[in-house]
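Number of protein chains: 2
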Amino acid sequence: MPAPHSLDTLVQALRCLPGVGAKSAARMAFHLLQRDREGALQLSEALARAVQTMRHCERCHTFTEAQICSTCLDPARDPSRLCVVETPADQAAMERTGAFGGMYFVLMGRISPLDGVGPNDIGLKKLLDRVNDGLVQEVILATNFTAEGETTAYVIAQALKARGLRTTRLARGVPVGSELEYVDLGTIAHALAERR
Amino acid sequence: MPAPHSLDTLVQALRCLPGVGAKSAARMAFHLLQRDREGALQLSEALARAVQTMRHCERCHTFTEAQICSTCLDPARDPSRLCVVETPADQAAMERTGAFGGMYFVLMGRISPLDGVGPNDIGLKKLLDRVNDGLVQEVILATNFTAEGETTAYVIAQALKARGLRTTRLARGVPVGSELEYVDLGTIAHALAERR
Chain U
1 MPAPHSLDTL VQALRCLPGV GAKSAARMAF HLLQRDREGA LQLSEALARA
51 VQTMRHCERC HTFTEAQICS TCLDPARDPS RLCVVETPAD QAAMERTGAF
101 GGMYFVLMGR ISPLDGVGPN DIGLKKLLDR VNDGLVQEVI LATNFTAEGE
151 TTAYVIAQAL KARGLRTTRL ARGVPVGSEL EYVDLGTIAH ALAERR
Chain V
1 MPAPHSLDTL VQALRCLPGV GAKSAARMAF HLLQRDREGA LQLSEALARA
51 VQTMRHCERC HTFTEAQICS TCLDPARDPS RLCVVETPAD QAAMERTGAF
101 GGMYFVLMGR ISPLDGVGPN DIGLKKLLDR VNDGLVQEVI LATNFTAEGE
151 TTAYVIAQAL KARGLRTTRL ARGVPVGSEL EYVDLGTIAH ALAERR
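In the order they appear, the protein sequences are chains U and V.
Residue 1 is where the first sequence starts when you use the UniProt record's numbering, and the numbers rise one by one after that.
Residue 1 is where the second sequence starts when you use the UniProt record's numbering, and the numbers rise one by one after that.
Chain U with its partners taken away, still in its complex shape:
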């Protein structure tokens, strides 16, 4: 089938989405054209607008439309504690807990040598500038508990220690609501070693 040109282009363009291969892209294109042209147009506009308006907050590096994001500008937040997370989604998860009232710094990535992402490709230099504001006293490392996240936390901790700042890491341990029988051994071993 010599497929029509603009459909081909759409299928190809959909493959820029993470986790979308050739078959998913074709299914998405078909769905949009056959059942949801309105949604396709909205998506087209939302993409163009987001690319045009979204930039990085000058203080915390997260996505924002303004020069400085609303979280950084909030006078009710405690400027002495700075929580370092990998992505805006991680920041949102922290916020949903309601347990943290300090500031954030969003790395927008993690160190991942296998993917060619080194310390200079995440916002490390910007973070080191950020903690020199004279107000930050504690940096809470809330990167993920994956190999990459742990590496990232370690590199940042080393860099900050050289500046005499107090760095902490989220506690590792048994998740709330879980039964020991079903928790993986590494987690139980960590929880035992870090018992309190």
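Be aware that one or more of the hints could be misleading.
[Claimed, not checked] Chain V regions said to be covered by chain U (calculated; three or more residues, Cβ under 8 Å):
| no. | region |
| --- | --- |
| 1 | 6 to 19 |
| 2 | 129 to 136 |
[To be verified] Under the rule of at most 20 Å between Cα atoms (straight-line distance), these lysine to aspartate or glutamate pairs were calculated in the EDC-like manner:
| no. | chain 1 | residue 1 | chain 2 | residue 2 |
| --- | --- | --- | --- | --- |
| 3 | V | K23 | U | D90 |
| 4 | U | K23 | V | E179 |
| 5 | V | K23 | U | E95 |
| 6 | U | K23 | V | D90 |
| 7 | U | K161 | U | E150 |
| 8 | V | K161 | V | E150 |
Rather than coming from a laboratory, the hints here were simulated on the basis of the structure.
Fair warning: this is a prediction, and the values are worked out from it, not measured in the lab.
Ideal Cβ positions, reconstructed from N, Cα and C, are used throughout, including at glycine.
Given chain U, work out where chain V should sit, using these hints.
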């Protein structure tokens, strides 16, 4: 986190894609803005262009930019055989086999009472008009071998039988390259009943 407005809009808009929930949409939006703004703009343009230019072929109902698609216009194809498929992707699969040189009719859907899709919501009426061109002698039903696809094939076969047209269905049986031990029982039973 009071998330920025145009990012919210983008995440919401991405959810119009089939199989994309809130978390996937957020991950896609983050990926596009952080790593592939070029791809995001291309996708935006491809969506707008496809919605604007794609329409249905007047003869076979598939997507095309022209009034009649190139497959229907191809003089080398045999107009006496008409293959009925559910989607353009199914048509593409048939074409890749290289085993069929006739015409197509693309239903753009299947009968699915559970989803509220009846015979009038797929191109049944258009198909009945199409087969009255005086050239079609055999209608090959190549809808999927799912419950919905079988229902669709049955309904179409009944409608065509009333018009005295010869209808056939793709053979059911053991897939090429498979070992009986691993083939599901329903397939083996069908292959046995329809042995030749």
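Results of checking the hints against the structure:
1. Counting residues of the region 6 to 19 of chain V whose C-beta sits closer than 8 Å to any C-beta of chain U gives 11, which meets the bar of three, so the coverage hint holds.
2. Coverage of a stretch by a chain is defined here by at least three residues with a beta carbon nearer than 8 Å to that chain's beta carbons; for the region 129 to 136 of chain V and chain U the count is 0, and the condition is violated.
3. Distance hint between V/K23 and U/D90 is fulfilled; the C-alpha atoms sit about 12 Å from each other, no more than 20 Å.
4. Of the supplied pair hints, the one linking U/K23 and V/E179 is violated, its CA atoms being roughly 26 Å apart against a limit of 20 Å.
5. In summary, the hint linking V/K23 to U/E95 is supported, as the alpha carbons are separated by about 16 Å, within the 20 Å threshold.
6. The hinted pair formed by U/K23 and V/D90 meets the criterion: a straight-line CA distance of about 11 Å does not exceed 20 Å.
7. Taken as a hint, the U/K161 and U/E150 pair is honoured in the structure, with Cα atoms around 16 Å apart against an allowance of 20 Å.
8. A distance of roughly 16 Å separates the Cα atoms of V/K161 and V/E150; the hinted pair therefore holds under the 20 Å criterion.
Comparing the model with each numbered hint stated earlier shows that hints 2 and 4 do not hold.
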